[in-house]
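J.: So the chains spell out like this:
There are 2 protein chains.
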Amino acid sequence: MATRREWPHVSVAGYDSDGLALGLAKERGVLTHLCADAREAAAGADLVVISTPVRSISGLVQECMAAEPSPRLITDLGSTKTQVLRELDSQSRSSFIGGHPMCGGETAGVRYARPNLFDGATYFLCPPEELPDELFEFMHSFVSCLGARPITIEPETHDRIMALISHVPHVLANVMMSEVGSFEHRGRRALYCTGPSFRELTRVAGANPTMWREIFLENREALVESLRTVATNIHMFCDDLEREDELGVAGAIAKAAAYRQELLHKGDLEPAALYQITVRIPDEPGLLSRVMTALGDANINIEDLTLHHYSRKVGGDLVLYVTGEGTAATAGAVLETMGFPTVSVPAEQAVDR
Amino acid sequence: MATRREWPHVSVAGYDSDGLALGLAKERGVLTHLCADAREAAAGADLVVISTPVRSISGLVQECMAAEPSPRLITDLGSTKTQVLRELDSQSRSSFIGGHPMCGGETAGVRYARPNLFDGATYFLCPPEELPDELFEFMHSFVSCLGARPITIEPETHDRIMALISHVPHVLANVMMSEVGSFEHRGRRALYCTGPSFRELTRVAGANPTMWREIFLENREALVESLRTVATNIHMFCDDLEREDELGVAGAIAKAAAYRQELLHKGDLEPAALYQITVRIPDEPGLLSRVMTALGDANINIEDLTLHHYSRKVGGDLVLYVTGEGTAATAGAVLETMGFPTVSVPAEQAVDR
Chain A
500 MATRREWPHV
510 SVAGYDSDGL
520 ALGLAKERGV
530 LTHLCADARE
540 AAAGADLVVI
550 STPVRSISGL
560 VQECMAAEPS
570 PRLITDLGST
580 KTQVLRELDS
590 QSRSSFIGGH
600 PMCGGETAGV
610 RYARPNLFDG
620 ATYFLCPPEE
630 LPDELFEFMH
640 SFVSCLGARP
650 ITIEPETHDR
660 IMALISHVPH
670 VLANVMMSEV
680 GSFEHRGRRA
690 LYCTGPSFRE
700 LTRVAGANPT
710 MWREIFLENR
720 EALVESLRTV
730 ATNIHMFCDD
740 LEREDELGVA
750 GAIAKAAAYR
760 QELLHKGDLE
770 PAALYQITVR
780 IPDEPGLLSR
790 VMTALGDANI
800 NIEDLTLHHY
810 SRKVGGDLVL
820 YVTGEGTAAT
830 AGAVLETMGF
840 PTVSVPAEQA
850 VDR
Chain B
500 MATRREWPHV
510 SVAGYDSDGL
520 ALGLAKERGV
530 LTHLCADARE
540 AAAGADLVVI
550 STPVRSISGL
560 VQECMAAEPS
570 PRLITDLGST
580 KTQVLRELDS
590 QSRSSFIGGH
600 PMCGGETAGV
610 RYARPNLFDG
620 ATYFLCPPEE
630 LPDELFEFMH
640 SFVSCLGARP
650 ITIEPETHDR
660 IMALISHVPH
670 VLANVMMSEV
680 GSFEHRGRRA
690 LYCTGPSFRE
700 LTRVAGANPT
710 MWREIFLENR
720 EALVESLRTV
730 ATNIHMFCDD
740 LEREDELGVA
750 GAIAKAAAYR
760 QELLHKGDLE
770 PAALYQITVR
780 IPDEPGLLSR
790 VMTALGDANI
800 NIEDLTLHHY
810 SRKVGGDLVL
820 YVTGEGTAAT
830 AGAVLETMGF
840 PTVSVPAEQA
850 VDR
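In order, the protein sequences belong to chains A and B.
Every number in the working numbering is 499 more than the matching position in the first sequence, counting from 1.
Every number in the working numbering is 499 more than the matching position in the second sequence, counting from 1.
Any copy, or any two copies together, can satisfy a pair, since identical chains are not distinguished.
20 Å max Cα-Cα, derived SDA-like pairs, lysine to any residue:
1) LYS754 to PRO708
2) LYS765 to PHE682
3) LYS765 to ALA706
4) LYS765 to GLU802
Simulated from the structure, these hints should not be mistaken for laboratory data.
Just chain A, with the same shape it has in the complex (with noise of 0.2 Å):
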């Protein structure tokens, strides 16, 4: 729907294995054809996004990558992104990024859908060594207008990070659902004692076991570290407890603001003004790739950029847009640190090419 909006005149090919979700993407012009496999929507396709269970991603890939002719780009929206890279060969890593917008709803389906859901988001991309610039600097494009943030992250720091924000909350929500509804005293269940707020904590546990038991799997060992560190944690604030250590109970709970604080200052204190980077890269294969990643750890969020390719011998200008003074200065560190001089100048100062 958010393709649609941005390009009225491009077709937007489906398949699904359900034929019910397939006929009313169609119905609500989220598809403009409906196809009879995976194969055929993507032949010839400028970019392929496929939408199913992380297990199922690698699979899909080397069928799209089968169509003819080829399509230009595929994508994904799987939540881990280590296993289906290393699951892909070197020639459909030269087709393909990862990607994980960080959006949804309680809804799932097409039913649900609605155009202004990546609206802000922050959209993770993993792109592969493999993958040429042209296709990255596409993929970062089309991301921006669908309205989210793109964010190039290395998969293996995706997938541990992921792990303790995303899954370990969706496995604490399962196990306090559990805990919760199995639990009575004398005939009381406290089930029936809850309010709001704890059906609010627990809004996400049970949800679409498929895709959930898929994620938790694949990326059993970063959320089985994140979940055995989280129980250790919870054992000493128990000690805490048993000790009566009221230092220690006030320090736990001290922390916690200290880091919410930060969480809820963050935003504000990105400062408004659009700055220009320009540096000139080499043409060497997966080198933007690496520097875009390399900007992305230091938690720099690209908000657009422009390849101007010059040739093979000089390489070319890598034209990039970032919010805020100290920003686009941390930038031009990260990328002299590589060995690539910059400039930089806010935006509006910026004279276009």
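For chain A, the structure is supplied; the task is to place chain B on it using the hints.
T.: Just chain B now, kept in the frame of chain A:
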């Protein structure tokens, strides 16, 4: 504010150790009289409401009891109940009823006070056996008039259930906030990757440190038990993940989904009709409290009640109102088990005495 809305001519005297809060309460019309200390505010009151951190409550009850003339009834708003009731002597317990309204907001203080805070909220009541019937009836009616739904509960059951449904979630919010706040991988901080759902999940992290430190410590036995159970369940889920036990993982999600469904549907299952139950009970100290606690423990909400006292010898009629035929039948069964035959009729067919 809810009291003044219901009874505009009643005077509400108040004391707070924070003079600014006290002044603001007067200014906003929450209080009609300001007092120099708790004892002065309590003198001759029909009802004293103590709203302070839990560990100071029993001391304040004693202080208010010493007022001249002593107040008729004292209640509190603390999140734990066992310890407070344990600390009171028998004389105080004959003028005290524990209370815990399940409502509140992210914002605290008289600045954010609103008269509709109690609308539809569960309001737990813990009457000691020493409490005279007419004081229990008074409190039950007071809470109903505020707009809340009074539920009588045994203090230990209250504290164990609160540990699980309220205090554990607070601890988890703190643990998650601190873990995410401190986590970084290859220089990228997890905190800066979080979106609106994580912010919502940790909404209560670090909130009101004094109040929560006291709640955690006061209810530490039940809280530690619940927390360690949750940690054990987390480890068990990790074991399933490490074994790649798809059925185990799917089962954990399905269990949560089933309880979540039960939680969402419990509201829908309540039929609308009001039933009147009449039961003759002897005039015996503490009996009304025991009857009400037994009904509460059977998950029965009493919408309203009236006591018709006849004499010390005959006892009196207790008239209860509950919602739904099934609830009325359960209430009847509970009362008959206690040895008291009941008469139950739809409220619209009831002949008022």
